[in-house]
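Residue-level listing of the chains:
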Amino acid sequence: MLVLLGVLVVVAGFATRRNPLLVVGAAGIATGLLGGLSPQRILADFGTGFASSRAVTVFVITLPVIGLLERHGLQERARHLMGRFTGLTAGRFLALYLLLRQLTAALGLNGVFGQAQTVRPLAAPMAEGAAERRHGPLSAGAREKVRSYAASADNVGLFFGEDVFLAVGSILLITGFVNTTYHTRLEPLDLALWAVPTALCALAVHGWRLLRLDRTLAHPPISPREPEGAAK
Amino acid sequence: MIKAEWFYWLVGGVLLAMSAQMLADRTNPRRLGTAAFWGLLGAGFCYGTWVADGSAPPEPLGAAVLVMACLAGFGLTGRSTPRTAGPERRAAGARRHGNALFVPALAVPAVALVCAVGLKRLSVGGQPVLQKGSETVLGLGVGAVVALVLGMVMLRERRLSVPLHAGRSMLESAGWAMLLPQMLATLGAIFADAGVGKQVGRLTAAVLPEGSVFLAVVVYCCGMFLFTAVMGNGFAAFPVMTAAVGWPVLVEQAHGNAAAVLAVGMLAGFCGSLVTPMAANYNLIPAALLELTDQYGPIKAQLPTAFVLLGCNIGIMSVFAV
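Chains as they are written, first to last, in this note's numbering: chain X, 7 to 238; chain A, 1486 to 1807.
If you are wondering where the hints come from, they were derived from the structure by calculation, not from laboratory data.
All of these numbers come straight from a predicted model, not from anything done at the bench.
Among the hints, a few may not be true.
To be verified - Here are some chain A residues pointing at chain X (derived, C-beta under 7 Å):
1) G1518
2) H1582
3) A1585
4) G1626
5) P1648
6) P1666
7) L1672
8) L1747
9) T1790
The beta carbon of each residue, even a glycine, is placed where N, CA and C say it ideally should be.
Next up, chain X with everything else stripped away, as it sits in the complex:
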């Protein structure tokens, strides 16, 4: 049971707001030592873990071109473009983005959209542009909210779209684990089909919340600093 202290280290470090890198490093070392691994083995685990997970960090490669285009006004242009589509509110635009992200992920096209390559340079400024057209200049809080919702549309679309595709990592993990551990024959197609109901729920729930964003922006919650003019 001692090795479970590693999980506790993560939870405790997190609760006391230590830097997550230190927490995870400490949890790894503590768990390894309690589990009877040699220090050399633990170092080797950190090395191989880093080497085999490099794919999550490769989006770095898109940052130079995005940065270059932004120096020349890409975000301003994206905002301006949205000023023309009068029917497209911020909420409707983001709901459309969610649908598109989910559909492409369900076809196995995970890398087509993403936080670095499409949300920052395109989707977030376009949503802001749509919100500004309808509601005028945005307060700092409203701007943060629109950007946060843009990021959330990308995440929800990816998470609940990708499992509908057969060859995605998580489906292969399930079949790989179950077929070797329990000696069954589970087909990726069955798993992918059973991801469809949740995918539809995700589209409905988050899509509805994105559409509600317009209403929140139109009636921002009254902050205590704002004078209440109607009282007189």
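Given the coordinates of chain X, assemble chain A onto it according to the supplied hints.
For chain A alone, coordinates are given in the frame of chain X:
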């Protein structure tokens, strides 16, 4: 054949070049630590090639990872004053270039799409053009390079250092969160090595009430949710919770539909990814990229959706699967 490892070297090279720029940038109060962090990351990307194929010892890379964690964790990295163009210059650029600015930006997803759909099937002399299984990652890389060339030609930018400077200030603002996903992948491996999964399984089996299938569904889904939130991704949680509850109780005892139980269980884990800062690449890095003052902004936007969907998964599993 274009190999995934070539592309990792390119990423490593870009990181090393950026780290050299960071070292020379005196506007950053902690430029030495910052340059060391990103330089080690870049070097690790290249050295990782030989660790992945087993021809080099992984221990030096592990030590480098721990040094990086300490550099960032003890606040030895910092940010420089970004060299951005002012708002007037950007507005003028937007007017001058118009919608042409979208061409390189959309080239990234467009090329990624072509690689994933078209080039995937193309082979020259019996060899596939893109390394099998890495088409998505390679598509992103090829797309970024094509877009950069397009953008530099279109905007008449001759110096490669300009886009690199622009990219590195985004890296500096993302900071330590960039390393967290890879650290967590490692933690998952160590947990597996040390047998954490078996212990969590025994614990869960002990608290699980006998006889109630619905409660077992709730324990499986909530366990996936919580463990994913702690570990930052569902892949580490899945073997643990499935060995503890999913397979022995829901599939074997309750004769549930195995495909349905496991697929929905994994998705319950994904709900956990929506609410945890541990899933840094999905939640914290976007907050940095979007220059939010509240780094939990995306998590707050996702929180209600995550809990409603957890409920949906429990409902779907208990109605259709068992």
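Tell me if G1626(A) is really an interface residue toward chain X, meaning its C-beta lies closer than 7 Å to one of theirs. Holds. Min distance 6 Å.
Should the hint that L1747(A) touches chain X count as held when the rule is a Cβ pair under 7 Å? holds (5 Å)
Please verify that hint: P1648(A), Cβ, nearest Cβ of chain X, below 7 Å or not. Because about 4 Å separates P1648(A) from the closest Cβ in chain X, which is inside the 7 Å limit, the hint holds.
With 7 Å as the cut and Cβ atoms as the points, is L1672(A) at the interface with chain X? holds (5 Å)
Closer than 7 Å between Cβ atoms is the bar; does T1790(A) clear it against chain X? Give me holds or violated. Status holds, d = 5 Å.
Could you check if H1582(A) really has its C-beta closer than 7 Å to a C-beta on chain X? Holds. Min distance 6 Å.
Hint check: 7 Å Cβ-Cβ cutoff, G1518(A) to chain X: Interface hint status for G1518(A): violated (13 Å vs cutoff 7 Å).
Hint P1666(A) vs chain X: min CB-CB distance below 7 Å? holds (4 Å)
Does A1585(A) pass the interface check with chain X, least Cβ-Cβ distance below 7 Å? Constraint on A1585(A) not satisfied, violated at 9 Å.
Checked against the numbered hints above, the structure violates hints 1, 3; every other hint is satisfied.
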